[in-house]
Amino acid sequence: MTDRQMMTCTAVDSELLGYLEGTLAADARTAVDEHVASCLRCSSILRDIGSIRAQAAQLPELAPSRDLWAGISARIEPAVVPLGRARQDIRRSWIPAATAAAAALVIATAGITYFATTRSLRPMTQKVAAAPKGGPGAQGIAQPAIVPSTATAPPDTSVSSAVSASAAPTSVAAAPAGERSGGRAPSAGVRLASRRNEPAAGPGEIAYGDEIARLQNIIKQRRRELDPGTVTVIEQSLAIINAAVRQSRAALARDPRSGFLTDQLNHALDKKIELLRTVALLPSRT
Amino acid sequence: MLIRTFTRAILSAMALVACVSATARAQRNYGETLDTTVALDRQATVDVSLMSGRVEIVGGGGSQARVRATTDRGDIQFDAAPGRLRLSVNPGHGGRGDARFELSVPAGTRVIVNSLSAPISIRGVKGEVDVNTVSGNVTVTDAARKLKAESVSGNVVVSQVTGDVTASSVSGRVDATDINGDLETESVSGRISMAGVRSRFVRSGSVSGRISYAGTFEPDGTYEFKSHSGGLRLSLPADVGAQVRIETFSGSVDSDFPVTLQPNTDKRSSNRRIEFKIGNGRSRIVAESFSGNIKLERGDGRDSRNDQ
Numbered sequence: 001m002t003d004r005q006m007m008t009c010t011a012v013d014s015e016l017l018g019y020l021e022g023t024l025a026a027d028a029r030t031a032v033d034e035h036v037a038s039c040l041r042c043s044s045i046l047r048d049i050g051s052i053r054a055q056a057a058q059l060p061e062l063a064p065s066r067d068l069w070a071g072i073s074a075r076i077e078p079a080v081v082p083l084g085r086a087r088q089d090i091r092r093s094w095i096p097a098a099t100a101a102a103a104a105l106v107i108a109t110a111g112i113t114y115f116a117t118t119r120s121l122r123p124m125t126q127k128v129a130a131a132p133k134g135g136p137g138a139q140g141i142a143q144p145a146i147v148p149s150t151a152t153a154p155p156d157t158s159v160s161s162a163v164s165a166s167a168a169p170t171s172v173a174a175a176p177a178g179e180r181s182g183g184r185a186p187s188a189g190v191r192l193a194s195r196r197n198e199p200a201a202g203p204g205e206i207a208y209g210d211e212i213a214r215l216q217n218i219i220k221q222r223r224r225e226l227d228p229g230t231v232t233v234i235e236q237s238l239a240i241i242n243a244a245v246r247q248s249r250a251a252l253a254r255d256p257r258s259g260f261l262t263d264q265l266n267h268a269l270d271k272k273i274e275l276l277r278t279v280a281l282l283p284s285r286t
Numbered sequence: 001m002l003i004r005t006f007t008r009a010i011l012s013a014m015a016l017v018a019c020v021s022a023t024a025r026a027q028r029n030y031g032e033t034l035d036t037t038v039a040l041d042r043q044a045t046v047d048v049s050l051m052s053g054r055v056e057i058v059g060g061g062g063s064q065a066r067v068r069a070t071t072d073r074g075d076i077q078f079d080a081a082p083g084r085l086r087l088s089v090n091p092g093h094g095g096r097g098d099a100r101f102e103l104s105v106p107a108g109t110r111v112i113v114n115s116l117s118a119p120i121s122i123r124g125v126k127g128e129v130d131v132n133t134v135s136g137n138v139t140v141t142d143a144a145r146k147l148k149a150e151s152v153s154g155n156v157v158v159s160q161v162t163g164d165v166t167a168s169s170v171s172g173r174v175d176a177t178d179i180n181g182d183l184e185t186e187s188v189s190g191r192i193s194m195a196g197v198r199s200r201f202v203r204s205g206s207v208s209g210r211i212s213y214a215g216t217f218e219p220d221g222t223y224e225f226k227s228h229s230g231g232l233r234l235s236l237p238a239d240v241g242a243q244v245r246i247e248t249f250s251g252s253v254d255s256d257f258p259v260t261l262q263p264n265t266d267k268r269s270s271n272r273r274i275e276f277k278i279g280n281g282r283s284r285i286v287a288e289s290f291s292g293n294i295k296l297e298r299g300d301g302r303d304s305r306n307d308q
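If you're matching them up, the sequences are chains F and L in order.
Letter 183 of the first sequence, counting from 1, is numbered 183 in the working numbering, and no numbers are missing.
Letter 307 of the second sequence, counting from 1, is numbered 307 in the working numbering, and no numbers are missing.
A couple of the hints might just be wrong.
What the hints assert, rightly or not - Some, not all, of what chain L presents toward chain F, calculated at C-beta under 10 Å: (1) 114; (2) 115; (3) 119; (4) 155; (5) 159; (6) 208; (7) 252; (8) 253; (9) 255; (10) 258; (11) 259; (12) 271; (13) 275; (14) 276; (15) 289; (16) 290.
Think of the hints as simulated: they come from the structure by calculation, not from any bench.
Positions of the beta carbon are idealized from the N, C-alpha and C atoms, including for glycine.
The task is simple: from the sequences and hints, build the whole structure.
Below, the structure written as structure tokens:
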């Protein structure tokens, strides 16, 4: 470190930002220049900073590609029904439907929270309702997928999926580290365990279970408000999606490390949630 | 005394008549008709909603909007200002009957339509369009800036759009033709057909619906097509330059372009993954299907045969 008559290295340090930004007064700038000209330390610092700035200026402007952002967005969005997405221009005639959907969402959320809270205090299981295997109504509107059972009820794994809420965090933590990040970020929701005769739900499904259940509850309450023809279309579409989920899951069971199959499963589950959200926000036929 | 009695009788009769009249008016189902012209800014918003019936909106010159509306039952709700025009049917008074809305609006107008089952036709507005319907068909031609069209079971047909397009249906068909802008199309079981597309970003996804695409592949553009069981048919111009990734679990792959497998092809995987480069490889094309067949064919960017 070298001291000059009018300026020390410490003083130069304090003026360096202004010097680099060009906001320093002329006399102060001259003093810094004089010091730097004869100080090895300060001249080195200044040269390094100048080099970094020059290289940084050469870097191309980086922006995440759009498809990348879509994935990020999907992961960071809260797993709730986007009532805000409801058309800004919703007409007065549809307000009761939207209000009912909002109320149902609140009730469903409160219910889920209640169950989650009570489950954390005492062992409890939930089971996925037995759906007609391969039938069009499988996990459709008519039958909510998740039915709370009592703590004393024996787990019926022959026809349903056992869901252990207390095991959820463990399951999330135990997910393979190398798992492809095609799925959404794991949430503290329930984890769908495997049916005895069907492949296990992969880690990618963990985040979907609670939201699907929530949405199906809302739709169950709204079913009578909807046009029967529309309900039929939705049930058929859900059957198609459920079949895709089953096929993807079965393939993934044979090749658990396949990122492609994980993506396919997530794609099908995304479609399911998207459809359920759409249905939850549909205007009432009345 | 007699006069007082007579007066009371008259007043009572009048009250009774008024009461009966009001009751009858409240109970009857009546329709309304509106035919009016109002001044509208070029960048104004036209907001239309109805349950069923028909909507036709046409863009034109000038700075006026003409509104013709009829309802079988129910009141027409109409209010207009230079920046916004609203048209709907009051659901009170038995307003569940059909309504027919015909509007001509200045070019550049932003149009919003919400409907339950009415078919919706919007032509030549050259502005932003946002359409939502449950079971009605949607047809939009000659829009600009941004177009969003969604239906649950209706068909969605959009064409001649300069701007970003999002078109989706659950079970209906989705057709997008002559699009100049980013394009996103989605369905569950409805087939998706895209032709004459000039875009740097295309994303299309379905579950069982077939997907076909014919358009340009711009340098640095991204084109993604994904289905579960629906077939994918991509028509690529002969001079295309693209890095192509095709992946399927059990579907077939057919390409008119020579395919050279890259060294990084994962042979351990149960699914088939093919990566290859065409020309300068500047575009990025991804086609994935679980069980649908994938076909890459030489085309002119216009045809979109979807006959798999």
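Return the numbers of the hints above that this structure violates; sort them in rising order.
3, 4, 5, 7, 8, 9, 10, 11, 13, 14
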